[in-house]
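Visitor: Below, each chain spelled out in residue letters.
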Amino acid sequence: MNKKMSISFESPSFIKRLKGMLGVDFYRLFHTPLFYIFLIIAGIIPALVSMGFSTTDPVTGQITGSTLENIWIMIAAKEPLYVVSDIAEYANMNMVFIFGGIMVSIFIGHDYKSGYVKQLFTTHAKKQDYTLSKSISCAFAIVCMCITYLIGTVVAGIFLQASFEVNVGSLIIAILSKMIMSLGWASLYTFLNIIFRRYFGISIASSFFFGTGILIIGAAAILGNSSILNIFLYGSSVYACLSSNILTLIVCIVNSVGWFIFYNIVGTYVLNKSDVY
Amino acid sequence: MDKNYAIEINGLTKSFKGMYALNGLNMHVPVGAIYGFIGENGSGKSTTEKLICGLLVPDNGEIKLFGKDYSDPGVRVRVGALIENAGCFPGSSVWTNLMMQAINLGIENPNEEIERVLKIVRMEESKQIKFKSCSLGMKQRIGIAMALLGDPALLILDEPINGLDTDGMRIMREILVDITKNYGCTVLISSHILGELEKIATHYGIIRQGKMIMEISSEEMDSRCRVFISLKTKDMDQALDILKKKFNKVKEENGYLKVYDVDEVELIVGYLMRHGHVVSEIVKNKIGLEEYYIEIMSNKGGEINE
Numbered sequence: 048m049n050k051k052m053s054i055s056f057e058s059p060s061f062i063k064r065l066k067g068m069l070g071v072d073f074y075r076l077f078h079t080p081l082f083y084i085f086l087i088i089a090g091i092i093p094a095l096v097s098m099g100f101s102t103t104d105p106v107t108g109q110i111t112g113s114t115l116e117n118i119w120i121m122i123a124a125k126e127p128l129y130v131v132s133d134i135a136e137y138a139n140m141n142m143v144f145i146f147g148g149i150m151v152s153i154f155i156g157h158d159y160k161s162g163y164v165k166q167l168f169t170t171h172a173k174k175q176d177y178t179l180s181k182s183i184s185c186a187f188a189i190v191c192m193c194i195t196y197l198i199g200t201v202v203a204g205i206f207l208q209a210s211f212e213v214n215v216g217s218l219i220i221a222i223l224s225k226m227i228m229s230l231g232w233a234s235l236y237t238f239l240n241i242i243f244r245r246y247f248g249i250s251i252a253s254s255f256f257f258g259t260g261i262l263i264i265g266a267a268a269i270l271g272n273s274s275i276l277n278i279f280l281y282g283s284s285v286y287a288c289l290s291s292n293i294l295t296l297i298v299c300i301v302n303s304v305g306w307f308i309f310y311n312i313v314g315t316y317v318l319n320k321s322d323v324y
Numbered sequence: 169m170d171k172n173y174a175i176e177i178n179g180l181t182k183s184f185k186g187m188y189a190l191n192g193l194n195m196h197v198p199v200g201a202i203y204g205f206i207g208e209n210g211s212g213k214s215t216t217e218k219l220i221c222g223l224l225v226p227d228n229g230e231i232k233l234f235g236k237d238y239s240d241p242g243v244r245v246r247v248g249a250l251i252e253n254a255g256c257f258p259g260s261s262v263w264t265n266l267m268m269q270a271i272n273l274g275i276e277n278p279n280e281e282i283e284r285v286l287k288i289v290r291m292e293e294s295k296q297i298k299f300k301s302c303s304l305g306m307k308q309r310i311g312i313a314m315a316l317l318g319d320p321a322l323l324i325l326d327e328p329i330n331g332l333d334t335d336g337m338r339i340m341r342e343i344l345v346d347i348t349k350n351y352g353c354t355v356l357i358s359s360h361i362l363g364e365l366e367k368i369a370t371h372y373g374i375i376r377q378g379k380m381i382m383e384i385s386s387e388e389m390d391s392r393c394r395v396f397i398s399l400k401t402k403d404m405d406q407a408l409d410i411l412k413k414k415f416n417k418v419k420e421e422n423g424y425l426k427v428y429d430v431d432e433v434e435l436i437v438g439y440l441m442r443h444g445h446v447v448s449e450i451v452k453n454k455i456g457l458e459e460y461y462i463e464i465m466s467n468k469g470g471e472i473n474e
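Top line first, the protein sequences correspond to chains A and B. Residue 48 is where the first sequence starts when you use our numbering, and the numbers rise one by one after that. Residue 169 is where the second sequence starts when you use our numbering, and the numbers rise one by one after that.
Just so you know, the hints here were simulated from the structure itself, not pulled from any lab data. Warning: the hint list may mix true and false statements.
To list a few chain B residues with every Cβ distance to chain A over 12 Å, as calculated [to be verified]:
#, residue
1, N191
2, E292
3, D335
4, H360
Here are the simulated lysine-lysine pairs, PhoX-like style, with alpha carbons at most 25 Å apart [claimed, not checked]:
#, chain 1, residue 1, chain 2, residue 2
5, B, K400, B, K414
6, B, K236, B, K349
7, B, K307, A, K160
8, B, K400, B, K379
9, A, K320, B, K367
10, B, K402, B, K412
11, A, K320, B, K400
12, A, K320, A, K125
13, B, K400, B, K412
14, B, K232, A, K63
15, B, K300, B, K287
16, B, K367, B, K454
17, B, K379, B, K402
18, B, K185, A, K320
19, B, K349, A, K320
20, A, K66, A, K160
21, A, K160, B, K379
22, B, K400, B, K426
23, B, K232, B, K349
24, B, K402, B, K419
25, B, K379, B, K185
26, B, K414, B, K402
27, B, K452, B, K367
28, B, K185, A, K160
29, B, K454, B, K419
30, B, K412, B, K454
31, A, K160, B, K298
32, B, K417, B, K402
33, B, K287, B, K367
34, B, K236, A, K63
35, B, K417, B, K367
36, A, K160, B, K295
37, B, K400, B, K367
Derived CB-CB ranges, DEER-like [to be verified]:
#, chain 1, residue 1, chain 2, residue 2, range
38, B, K298, A, T102, 47 to 55 Å
39, A, D322, B, D333, 30 to 38 Å
40, B, D319, A, V301, 38 to 46 Å
Source: prediction; values computed, not measured. By construction, the Cβ of each residue, glycine as well, lies at the ideal position given by its N, Cα and C atoms.
Pulled out of the complex, with its shape left as it was, chain A reads as follows:
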C-alpha cells in the first residue's frame, strides 16, 4: 500500500463537458420509448382535434368535410390572439408545448427517480452542464414533436378535405418561430423540474399549468391583445401566427434565447445553492 502514484487531473473544457452531458441525454432520448411515445402523441393530437371540426353525412355517417375554414388553423391562429374566445383559436401547435412539458418532466424526473442524477453530479462539478444539456436536448425533442404535429395536421387536412390555402412565407415563419420557441419552453420546464425535483407529481402539474399559458390568457383578458405579452413564452408562441413576418421570427428568437439564458442562470444558481440528491 501507499504506493506513490503520479495522478494527473486534466480539467475538461466546457465544450467537452457539455458534449458528454448532451451525449447522455440524446442517447437516453433515442434509446427509451418515452420520446417516441410523445412523438406519436404529437402526431395524433391534430387528427383528434380536427375530427371535432369534421362534418358527417347524416344518412351514411361518412365524413364529408370540415368546419375548419383552413387546416393551417391547426398550426397557428390567423392573428396573434392572446384572448381566447373559442377552442379553435387555442387548439394549434402551441399544444405541443403542453405535452412537451409533460415529456420533459418525465425525462428529468426519471433522472432523480432512478438515482442516475448522482452519477451526473458526481462527475460534473459544474451544475450549468446539467441545465444547459437538459434544455437543449428537451428543446430538440419538442422540435421533433412540432414536426410530427405538422405531419399529423397535413394528414388530417387531406383526410378532412380542408382548405390548404395559405401565405406560404407566413406559414413557414410561424412554424419556424414556434420551433425556435421550443428552446425557451424547454428551459422553463427544466427550471421547474429543478425546483420541484423531489416532487415528481408537482413537476408534471406545474409544467402542464405553465404550458397551457393560462396566466398569459388571464392577463390578456385584462390587457386585451397587447403586444407587451410577447415578452412571455406563451405570448411569443401566440405571436407566431399565420400573419407572421420576419419581425415575428426576430421576436421569437430574442424571446426564446432570452428566457433560455435566464432560466439556465437561475436554474444553475438553484442547483449550486441546494442539495441535489
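Here the structure of chain A is known, so what remains is to put chain B in place on it, guided by the hints.
Guide: Frame of chain A, contents of chain B only:
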C-alpha cells in the same frame, strides 16, 4: 496541505433543518488506501460521502480531493461513486446503463471500456439483462462497474456489501482489492459489516454524531486490538481469584476465563498449575475490529483521538 491525501476534509459542517448531521468533521484518506468508514446509523457517513460527491452543499468547511478543491471539474471527473444504489435506469439493460455513463465521461472507446469493467466485476455474461431483472448482488456489482468507468482515481462506496450473500461478499472483496492493487485507485468504503471490512481496509475512520473520533491505519489498529487468552478449569471461581492476583484484567465471560494483554499461554498454564489448577481448555485470541469498535463506541465520553 499534504498532496498524498486523496481526501482531505477540514471542519466540515452540514445541517438539515437545524439538526447537525456533520459537526466539524475532519478526515484524511491517503492516496492508494482502502479507507473503511465506520459509524452507527445516522452518524454522518452517507452525508459525508454525498458532500464529497457534490450532491449536498456544505454549511461550512473545506473538502479537498488530491490537493484540489472538490469543485474542480478535473478532479471530479475522476471520482466514481456508488451511493445508496447503483443509480441505473431500471428499464434499460446493463449495457445501456453503462454506455450512458461512458458517454457522460467522454470515454473514447466506450465498448472496450464497458467490456473491461464488466470483466472486473465478473458480469460479462449479463450485459444484455435489464437492470430491474438483476439480483441485489448483481446490482451492486453494476454500481461498482459504473463507478469504475473512465479510470477513477477515487472510488466512494456507500455500503456496497449490504444485503450480499457470503459468495457475493467474497467477490466484492476480491474486486475491491484488485482495484486498489492493479488500478491504483483510492477507495472510501462505508460498511456495517466490520468483519468484511477488516479483511480489506488499510485505514479506518470512525465517526460518531457527525465528528471523526478516530483515524487509524490497519497496522495501528492491529497493534491496538488486544490479545487475550480464554481458558477453562474445573473450579472457575477459585481460578479467577488466583489469576486476578497476578494479571491486571481478568474476567469470566460465556463460560470462559479471559485474561487480557497476555501473549504467553505457558505462563498462565504454569501459574495455575503451581496453584493446583489444571487447565482443561485454552485458546489464544485477539480482539477483532468489531469488538474494538464496540469498545470505542461504548466510550461515550467524547472524542478519543482526532
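Visitor: Confirm or reject each hint.
Guide: Status of each hint after checking the structure:
1. N191: It holds; N191 (chain B) is separated from chain A by about 17 Å at its closest Cβ, greater than 12 Å.
2. E292: Non-interface label stands for E292 (chain B): nearest chain A Cβ at 21 Å, farther than 12 Å.
3. D335: Check passes; 26 Å lies beyond 12 Å.
4. H360: Holds: least Cβ distance 21 Å, greater than 12 Å.
5. B:K400 to B:K414: Status holds; Cα separation ~17 Å.
6. B:K236 to B:K349: holds (24 Å)
7. B:K307 to A:K160: holds (16 Å)
8. B:K400 to B:K379: Violated. K400 (chain B) to K379 (chain B) sits at ~42 Å, over the 25 Å cutoff.
9. A:K320 to B:K367: Given pair K320 (chain A), K367 (chain B) is violated - Cα atoms ~40 Å apart, limit 25 Å.
10. B:K402 to B:K412: This hinted pair holds, its Cα atoms lying about 17 Å apart.
11. A:K320 to B:K400: violated (63 Å)
12. A:K320 to A:K125: violated (45 Å)
13. B:K400 to B:K412: Measuring from Cα to Cα gives roughly 15 Å; hence the hint holds.
14. B:K232 to A:K63: holds (24 Å)
15. B:K300 to B:K287: holds (20 Å)
16. B:K367 to B:K454: Given that 25 Å is the threshold and the Cα spacing comes to 15 Å, the pair holds.
17. B:K379 to B:K402: violated (47 Å)
18. B:K185 to A:K320: holds (15 Å)
19. B:K349 to A:K320: violated (38 Å)
20. A:K66 to A:K160: Cα-Cα ~24 Å, so holds.
21. A:K160 to B:K379: violated (31 Å)
22. B:K400 to B:K426: holds (9 Å)
23. B:K232 to B:K349: Distance ~23 Å between K232 (chain B) and K349 (chain B) Cα, so the pair holds.
24. B:K402 to B:K419: Cα-Cα ~16 Å, so holds.
25. B:K379 to B:K185: holds (18 Å)
26. B:K414 to B:K402: Holds, because 19 Å separates the two Cα atoms, which is no more than 25 Å.
27. B:K452 to B:K367: holds (20 Å)
28. B:K185 to A:K160: holds (23 Å)
29. B:K454 to B:K419: holds (15 Å)
30. B:K412 to B:K454: Since the Cα atoms of K412 (chain B) and K454 (chain B) sit roughly 20 Å apart, the hinted pair holds (cutoff 25 Å).
31. A:K160 to B:K298: holds (17 Å)
32. B:K417 to B:K402: holds (21 Å)
33. B:K287 to B:K367: holds (23 Å)
34. B:K236 to A:K63: Since the Cα atoms of K236 (chain B) and K63 (chain A) sit roughly 20 Å apart, the hinted pair holds (cutoff 25 Å).
35. B:K417 to B:K367: violated (28 Å)
36. A:K160 to B:K295: Given that 25 Å is the threshold and the Cα spacing comes to 22 Å, the pair holds.
37. B:K400 to B:K367: With Cα atoms ~30 Å apart, K400 (chain B) and K367 (chain B) exceed 25 Å; violated.
38. B:K298 to A:T102: 47 to 55 Å: holds (49 Å)
39. A:D322 to B:D333: 30 to 38 Å: Holds, since D322 (chain A) and D333 (chain B) (Cβ atoms, about 34 Å apart) stay within the stated range.
40. B:D319 to A:V301: 38 to 46 Å: At 44 Å between Cβs, range holds.
Figure legend: structure checked against the earlier numbered hints; hints not met, in rising order: 8, 9, 11, 12, 17, 19, 21, 35 and 37.
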